[in-house]
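Chain by chain, the residues:
2 protein chains.
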Amino acid sequence: MKKVWMAISVALMGMLLAACGSADNLNDSGKSSNSTKTELTGQTDSGYYQGVIKNGHYQTSKSRGVSVSQVSNQLNIKSFENGLLNISKKEFSTNKYVFQEGQYLSTGTVENWLDRKSKSNPTGLNPTKTKKSGTYVPNYLSQISEQDFMTANGQKISLSGVTIGLAINSVDYYTKKTDGPTLEANISDAQVKKQGKAIANRVLKRLRAKKSLKNVPIVIALYKQASDDSLVGGNFFAYSVNDSGKTKVSNWTNVNEKNYVFPIQSGKSAPNKNDEDAFDNFKSQVQNFFPNLSGVTAQAQYSGNTLNGMNVSITTQFYSQTEIISFTQYLQQAAQKYLPGNAPIDITVQSTDGIQSFLSRKTGEKNFTSHIFNSY
Amino acid sequence: MKKVWMAISVALMGMLLAACGSADNLNDSGKSSNSTKTELTGQTDSGYYQGVIKNGHYQTSKSRGVSVSQVSNQLNIKSFENGLLNISKKEFSTNKYVFQEGQYLSTGTVENWLDRKSKSNPTGLNPTKTKKSGTYVPNYLSQISEQDFMTANGQKISLSGVTIGLAINSVDYYTKKTDGPTLEANISDAQVKKQGKAIANRVLKRLRAKKSLKNVPIVIALYKQASDDSLVGGNFFAYSVNDSGKTKVSNWTNVNEKNYVFPIQSGKSAPNKNDEDAFDNFKSQVQNFFPNLSGVTAQAQYSGNTLNGMNVSITTQFYSQTEIISFTQYLQQAAQKYLPGNAPIDITVQSTDGIQSFLSRKTGEKNFTSHIFNSY
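Chain order of the listed sequences is A and B. Read in order, the letters of the first sequence correspond to residues 1 to 376 in the working numbering. Read in order, the letters of the second sequence correspond to residues 1 to 376 in the working numbering.
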């Protein structure tokens with residue numbers, strides 16, 4: 001674990017601005033700001049980017065909260081953002097670049113882009129609602145996320161790259177009239193790809209029209225959003241790295257990632273039967289431990305047939321703190337013995353009172369560490 | 001961290017019993033059981049006891065669930081059990097002894113003992129309800145917890161010590177008639193001590209009447225339960241170590257532990273003003289980080305003027321996973337800088353969706369480790 005606490009004082013005379021969220025623009029366009037004090041969050045793990053703090057406040061996104069208010073399955077939000085960070089890391093390494101929440105697309109812009117194109121909203125990236133034939137045309141674009149990557153240059157930090165994530169619906173939910181029943185418009189994988197790539201080109205062109213974004217690399221990544229009843233988020237399926245000045249995507253890199261819920265539903269299968277069996281064995285061992293049955297489920301992510309990681313969730317009723325301690329210690333052995341090796345695994349243990357303990361094994365580690373939550 | 005996976009097979013022919021919770025008695029009275037397979041949970045940390053597993057099932061307490069069903073402030077349960085373990089550790093070290101949930105006091109026994117003494121319940125340890133004068137007499141005893149400590153001896157494990165915790169009310173809640181208003185009977189500290197010690201002597205005598213408990217050391221610990229509106233549990237104030245055969249407590253050791261909630265309410269004070277200031281500084285730094293205000297509180301435990309540990313709870317609204325990552329990394333720095341050193345500290349970060357991340361610094365460690373919960 002590498003610890004860096006870089007404190008960059010853009011101006012020694014930095015004054016603490018009283019207004020919250022009043023982060024100044026960065027000096028990437030050559031202007032200098034005399035009253036902004038820029039600091040970084042520090043880094044707890046080399047896998048995370050440091051974030052930008054301006055005048056003591058976290059510099060929040062200019063389009064903060066748009067996804068939270070518009071996307072109904074919250075798993076699609078976390079999965080989208082985490083996946084986007086992973087794609088960014090391929091291009092912008094965490095030890096060279098600093099993360100800044102998107103500062104170039106405002107709430108208004110993102111809301112307009114996510115809306116349907118119309119006379120009153122000419123920048124809408126979703127098609128108009130119905131064709132002449134009366135057939136419903138689904139909304140394709142569901143989320144836009146901007147991540148800015150900065151580098152330090154003497155006393156300044158400046159923009160050195162941008163990643164844009166575009167989340168495309170696999171199902172569009174709509175009603176024919178107010179208070180009418182919710183209908184589902186399924187969107188085929190072929191359409192998700194086609195529409196996603198078309199939207200990406202339009203977005204890239206628009207970004208290049210902004211002076212600050214003309215000459216930085218822009219990564220665009222495409223995500224297929226999961227349905228509202230899914231217990232895992234969707235998945236990224238392609239991304240493009242667009243060098244300075246490029247206004248058209250010339251090359252897409254495929255991403256072969258997919259998420260699964262364990263235990264696998266009957267009739268379906270995981271990419272790796274061994275992992276499926278391993279999880280089932282673990283589950284039955286754990287459920288045998290207490291007289292009261294524990295709920296044991298997991299989210300698993302695969303790249304092709306390779307397990308990227310697993311989040312196991314165990315819910316059970318505890319009658320004492322000593323039961324929680326014994327159960328957690330038992331889990332550490334059982335997880336080690338039964339769960340797939342070589343992939344990072346998190347296990348959270350919950351009761352109706354919330355989280356009680358958790359165990360974790362990181363990439364490359366052999367043993368699980370555990371933590372039992374205490375109360376005085 | 002010491003890892004021990006002791007698997008003690010009491011009988012090689014151990015059969016897996018299908019009935020849950022059907023743990024056989026241990027062979028402490030010299031009888032041998034041919035069908036019980038005893039295993040231990042393993043140990044994730046040298047500060048925890050290994051627990052006893054019988055035939056694949058955790059050996060639950062014979063009075064399992066009594067406290068959960070009878071005590072209204074759940075903080076009193078966790079704090080009571082954790083505190084009792086800490087007292088047990090003074091007498092029965094975690095690397096020599098194995099923990100077994102109480103097997104000698106059954107649900108029926110504990111329920112009767114916790115009830116008032118009456119013609120139909122002669123073993124009740126609480127006084128009859130009213131004096132001749134009509135004055136209400138409070139219930140003193142609120143919880144009884146039994147912890148058994150075993151040692152391995154060849155292929156067997158046998159009972160080598162017992163700890164009994166007795167929780168005494170500081171407030172007894174009652175109604176004069178069904179559906180009447182809840183009234184509070186406050187019990188003075190002097191009464192809590194006096195009544196607790198008297199009950200302890202009666203309990204010790206009763207335990208010695210059981211053949212299996214005649215010749216093992218019995219630790220009895222007294223806990224003062226917090227009121228129902230408290231945001232921390234109560235505290236242990238005394239314990240006694242009673243050698244084999246002793247039927248009367250000859251000596252009490254005082255415990256000077258107390259729990260506090262930070263920020264300290266106006267008019268009250270913490271045992272150490274520096275800690276109070278440290279927490280207040282940390283709180284205002286953290287609340288300055290986001291435009292939306294975070295709730296920052298803590299439980300703190302003191303032995304005299306020395307901080308034993310702190311559980312900080314931060315609740316805030318997040319708009320993205322990147323905000324959670326940046327906030328957690330920032331907290332690691334801020335906690336290190338502002339919070340009191342030398343004591344173990346846990347910090348949990350919650351949103352309305354539950355826990356998002358947590359940070360922890362153990363006894364003797366200099367730095368906080370952190371974990372950010374992920375989702376696929």
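It should be emphasised that the hints constitute simulated quantities derived from the structure, not laboratory data. Incorrect hints may appear among the rest.
The list treats identical chains as one, so a pair stands whether inside a single copy or across any two.
[Claimed, not checked] Quick list of in silico lysine to any residue cross-link-like pairs, SDA-like style, CA-CA up to 25 Å: (1) 273 / 237; (2) 211 / 340; (3) 62 / 292; (4) 62 / 269; (5) 132 / 351; (6) 214 / 181.
Okay, the hints, checked on the actual structure:
With identical chains, the CA atoms of residue 273 and residue 237 are at most 25 Å apart within one copy only, with a shortest distance of 23 Å there and 56 Å across copies. With identical chains, the CA atoms of residue 211 and residue 340 are never at most 25 Å apart, being 49 Å at best within one copy and 48 Å at best between copies. Only between protomers do residue 62 and residue 292 lie at most 25 Å apart by alpha-carbon distance; the minimum there is 15 Å, versus 48 Å within a single protomer. Taking identical chains as interchangeable, the C-alpha atoms of residue 62 and residue 269 are never at most 25 Å apart, the minima being 41 Å within one chain and 42 Å between chains.
In this assembly of identical chains, the alpha carbons of residue 132 and residue 351 never lie at most 25 Å apart, being 54 Å within a copy and 46 Å across copies at closest. For a Cα distance limit of 25 Å, the shortest separation of residue 214 from residue 181 qualifies neither inside one copy, at 45 Å, nor across copies, at 72 Å.
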